[in-house]
Amino acid sequence: MEIKCIVEAILFAAKRPMTAKQVQQVFPELEQPDMTDIQAAIDAIIADYRLRPVELKQLASGYRFQVKSELSRWVSRLFEEKPPKYSRALLETLAIIAYRQPVTRGDIEDIRGVSVSSGIIQTLLEREWVRVVSHKEVPGRPGLYGTTKQFLDYFNITALNELPTLQEIKDLDVSDIDKSIANKHPHLQVTSESQKTNQPFAEATD
Amino acid sequence: MEIKCIVEAILFAAKRPMTAKQVQQVFPELEQPDMTDIQAAIDAIIADYRLRPVELKQLASGYRFQVKSELSRWVSRLFEEKPPKYSRALLETLAIIAYRQPVTRGDIEDIRGVSVSSGIIQTLLEREWVRVVSHKEVPGRPGLYGTTKQFLDYFNITALNELPTLQEIKDLDVSDIDKSIANKHPHLQVTSESQKTNQPFAEATD
Amino acid sequence: MEATLAEPPPAFAIVNGAPYNQLPEDLYIPPDALEVFLDLFEGPLDLLLYLIRRQNLDIVNIPIAEITRQYIDYIQMMGFLNLELAAEYLVMAALLAEIKSRMLLPRQPEAEDEEEDPRATLIRRLQEYECIKNAAEEIDRLPRHERDTFAIDVDVSKLSVVQQLPDVRLSDMLLAFQDVLKRVEQLSHHQITKEALSVRERMATILANLKGEDSLLFAQLFTRAEGRHGVVVSFLAILELGKERLIEIIQPEPFADIRVRAAGSAAIAEEDFQVESAAQVG
Numbered sequence: 000m001e002i003k004c005i006v007e008a009i010l011f012a013a014k015r016p017m018t019a020k021q022v023q024q025v026f027p028e029l030e031q032p033d034m035t036d037i038q039a040a041i042d043a044i045i046a047d048y049r050l051r052p053v054e055l056k057q058l059a060s061g062y063r064f065q066v067k068s069e070l071s072r073w074v075s076r077l078f079e080e081k082p083p084k085y086s087r088a089l090l091e092t093l094a095i096i097a098y099r100q101p102v103t104r105g106d107i108e109d110i111r112g113v114s115v116s117s118g119i120i121q122t123l124l125e126r127e128w129v130r131v132v133s134h135k136e137v138p139g140r141p142g143l144y145g146t147t148k149q150f151l152d153y154f155n156i157t158a159l160n161e162l163p164t165l166q167e168i169k170d171l172d173v174s175d176i177d178k179s180i181a182n183k184h185p186h187l188q189v190t191s192e193s194q195k196t197n198q199p200f201a202e203a204t205d
Numbered sequence: 000m001e002i003k004c005i006v007e008a009i010l011f012a013a014k015r016p017m018t019a020k021q022v023q024q025v026f027p028e029l030e031q032p033d034m035t036d037i038q039a040a041i042d043a044i045i046a047d048y049r050l051r052p053v054e055l056k057q058l059a060s061g062y063r064f065q066v067k068s069e070l071s072r073w074v075s076r077l078f079e080e081k082p083p084k085y086s087r088a089l090l091e092t093l094a095i096i097a098y099r100q101p102v103t104r105g106d107i108e109d110i111r112g113v114s115v116s117s118g119i120i121q122t123l124l125e126r127e128w129v130r131v132v133s134h135k136e137v138p139g140r141p142g143l144y145g146t147t148k149q150f151l152d153y154f155n156i157t158a159l160n161e162l163p164t165l166q167e168i169k170d171l172d173v174s175d176i177d178k179s180i181a182n183k184h185p186h187l188q189v190t191s192e193s194q195k196t197n198q199p200f201a202e203a204t205d
Numbered sequence: 000m001e002a003t004l005a006e007p008p009p010a011f012a013i014v015n016g017a018p019y020n021q022l023p024e025d026l027y028i029p030p031d032a033l034e035v036f037l038d039l040f041e042g043p044l045d046l047l048l049y050l051i052r053r054q055n056l057d058i059v060n061i062p063i064a065e066i067t068r069q070y071i072d073y074i075q076m077m078g079f080l081n082l083e084l085a086a087e088y089l090v091m092a093a094l095l096a097e098i099k100s101r102m103l104l105p106r107q108p109e110a111e112d113e114e115e116d117p118r119a120t121l122i123r124r125l126q127e128y129e130c131i132k133n134a135a136e137e138i139d140r141l142p143r144h145e146r147d148t149f150a151i152d153v154d155v156s157k158l159s160v161v162q163q164l165p166d167v168r169l170s171d172m173l174l175a176f177q178d179v180l181k182r183v184e185q186l187s188h189h190q191i192t193k194e195a196l197s198v199r200e201r202m203a204t205i206l207a208n209l210k211g212e213d214s215l216l217f218a219q220l221f222t223r224a225e226g227r228h229g230v231v232v233s234f235l236a237i238l239e240l241g242k243e244r245l246i247e248i249i250q251p252e253p254f255a256d257i258r259v260r261a262a263g264s265a266a267i268a269e270e271d272f273q274v275e276s277a278a279q280v281g
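Residue numbers (numbering that gives the first Met the number 0), protein chains in the order written: chain A, 0 to 205; chain B, 0 to 205; chain C, 0 to 281.
Since the hints were derived computationally from the structure, they do not count as laboratory data. Treat the hints with care, as some may be off.
To be verified - The list that follows gives simulated cross-link-like pairs (lysine to any residue, SDA-like), each with its CA atoms no further than 25 Å apart:
#1 3/B x 45/A
#2 81/A x 150/C
#3 132/C x 45/A
#4 84/B x 150/C
#5 56/A x 33/A
#6 181/C x 138/B
Stated by the list, open to error - According to the in silico footprint, chain B covers these stretches of chain C (three or more CB under 8 Å from chain B):
#7 64-78
#8 167-176
Given the structure is predicted, the values throughout are model-derived calculations rather than measurements. Beta carbons are placed, not taken as given, at the ideal position from N, Cα and C, and that holds for glycine.
For reference, chain A alone in the conformation it holds in the complex (with noise of 0.2 Å):
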C-alpha cells in the first residue's frame, strides 16, 4: 500500500490534529516510513486537495482534515445548534492573554479597566484556550493564565505570531500633550472650563 494512501486515511479517520511524527508513529513499527516521506506524502495531500472542498490544514498541534471556510454558508446549516457566541468582553480577555501572556487576572483587569468575571476565565478555562502557566510570586499567589495550542486551533492558525499584529503604541511626551493641547484647544485650558462639572457625584447622587 503506498504510504500517501495510508497517511491520507490516517488523517481522514483521526478526529483531531494529527503531526507528522504522530502519524508515523500509527505505521506498525517495523514497518514505519522516514519522516521526509511522512512529510512528502503530507503536502502531495495538501496539493490534491486544493481545489476541493475540503483541505488538508495544518494547525498548531498538527493537521487536519477540514471543510473550507467559504464553505460555511451552507455547511453550518446541517447544524441545528448556532455556533458558540462569545462576548466582547471575553473575546478582549482573550486578547489580552494572547499578546500580554503570561498574565494575571488582576493584570486583565488593569488593561481592561473594569473587573473580570469568573465566568469568562471558567469559560476559556473549559474550552481550553488558555491555562494556568504558573503563579506569579506575589500575595496570594495569582495564576498566569497563558494560551494553549487548541486555542490556536480553533481560530486556524498555527502559531502566536499568525496573530494579527498589535497596533503600535506610540510613546508619547507629556510636555507634547500639552503643546498640542495649548496649540489646538486654547479655550481648554481657560478657567470657564470648571463650570459644572467640578461636582459630578453631588449631581449623581441626588
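Please build the complex by placing chains B and C on the supplied structure of chain A, with the hints as guidance.
Positioned in the frame of chain A, the structure of chains B and C alone reads:
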C-alpha cells in the same frame, strides 16, 4: 459555488449518513437544486473518490464517507493508543470490594470517606472484575459487590487468600509489596515490557 | 438603539477650536436606550474611547477637560436613571476630575519630574486598551472552528478496532488499599475487621449461589472435597452473613433440615404469608 462542491462539503461535515433528499434540504429554501442535480453531484463525487483511501458509500440510511476497509490494518492502530491509567479511586474501590466483599456502594463510600462515582463501578463491572452477588435488604436494595473468577485470573491467583493479609499490607512498604507478591507468586510480576508485546496490532499482523 | 449610540457624530463633533456650550447629543437619546449602556460599553476606558473616537480625535491629543465633561455627563445621566453603575465608572470619573483640577492649578516645574503626569498614564491606558480592543475584533474575524471551518467526520465504525484496556498491577491496587487502611485507622469509628480473606470470598460465593434460589439446604453450602478447612471457611462465612443480616438461617420445626435463604426472599415470603392469612380471615 458549484453544487457538487457544496454537496461534498455537506457529506464530509455530516456526522451521520445523509439521503439525497436530506442533502437537498440543507440548501437554503430558495436555492435548492433539483433532486436530479443532487443525485448527479453524488454520483460524480463517488467517482472522484474511487481511487482515494476514503469513499462515499451508500448505506441503508444514506450516503456516508468512510475509510476504505482495505486500510483497516493501518488506520485501526490510531485507536489503539496506550489506554489511560485507572484512577486511584478505582484501585481503592476494587481493593475494598476484594477485601470486604460482599459490600454495597454505600459501604465502599463509608470506608473511603468519599463518594464513589458510578463510572468506577461500571468500569469494574464491564471488565468483569466484580459482579453483583446479591442485594441488601435495606431501602433501595443496593447491590452487594463481590470479585469474580476473572479478577483472580487477571491477577494470576487461584483464591483470594493468596492476597496479602490486611496486617501484611499495613506493615509493608512499597518495595516489599512487590517482593512479597513475587515470592508467593513469582508469575505475578507484571512488567511494563510484557504489556508492550501484547499490543493487539502486533498480534493481528502475525 | 445601538445604532443611535454608535452613529457617527453630527456636525457638533468638530472639536478643534470649537467651544462646547451644549450637552452632547447622546444625552437626548431616549432613556431606554441608555439602559443598554452598560451592555454596550466594556467599562470606563471603552466609554472614554467612544467619546474620543466619535469626535475623530487622536488619543494623544485629547482635550482632557472636554472629554471629562462629556464623560461625567454620561455618568450623571446614569445616576438620574437609577441605573446601577459599576464602581469602575465612578473611579474613572474621580480620576478625570482630579486630572482636570490639576490642570487648573499653576504648574510647579520642579515637582513635575517626581510623579508622572496622570494624563500620560490615562492616555497610555487608553492606547493599550484600544490596541487590545482592536485585536479582539480581529481575532473575532479570524476563521474559526464551528463557525467558519468544520471538522470532517468520516465513518470509521466499519474498521475492526480492538480497544485496549488499561493494565493494573496488583501492587498498585494493594498500595491504594494501604492508603485506605491508613485513612480508616485515623477515623476510629470505622473498623475493618480481619476475617480471613477466604471467608469474605466465600460469603460472596454463597450469596451468589443463593441468587435465584428460594433457599438452599444448609448442607448444600459445604463441599466435601474442600476438606475440613473448606468446611470451616464456609461455616464462618455463613455465620458472618447471618450477622450482617444478608442471609437467614431457618429451621421450620425441630429436627427439620436447616435451610439458608437470602434476606430478600424472606421478605417476599412473609408478604405472601400475610396475603394468605388475610385471605383466610376474609
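Hint check results:
1. 3/B x 45/A: holds (20 Å)
2. 81/A x 150/C: holds (15 Å)
3. 132/C x 45/A: violated (35 Å)
4. 84/B x 150/C: Violated: residue 84/B and residue 150/C sit about 28 Å apart, past 25 Å.
5. 56/A x 33/A: Cα-Cα ~21 Å, so holds.
6. 181/C x 138/B: With Cα atoms ~31 Å apart, residue 181/C and residue 138/B exceed 25 Å; violated.
7. 64-78: violated (count 0)
8. 167-176: With 10 residues closer than 8 Å to chain B, the region 167-176 of chain C meets the three-residue bar; holds.
Going down the numbered hints, you'll see the structure goes against 3, 4, 6, 7, while the others check out.
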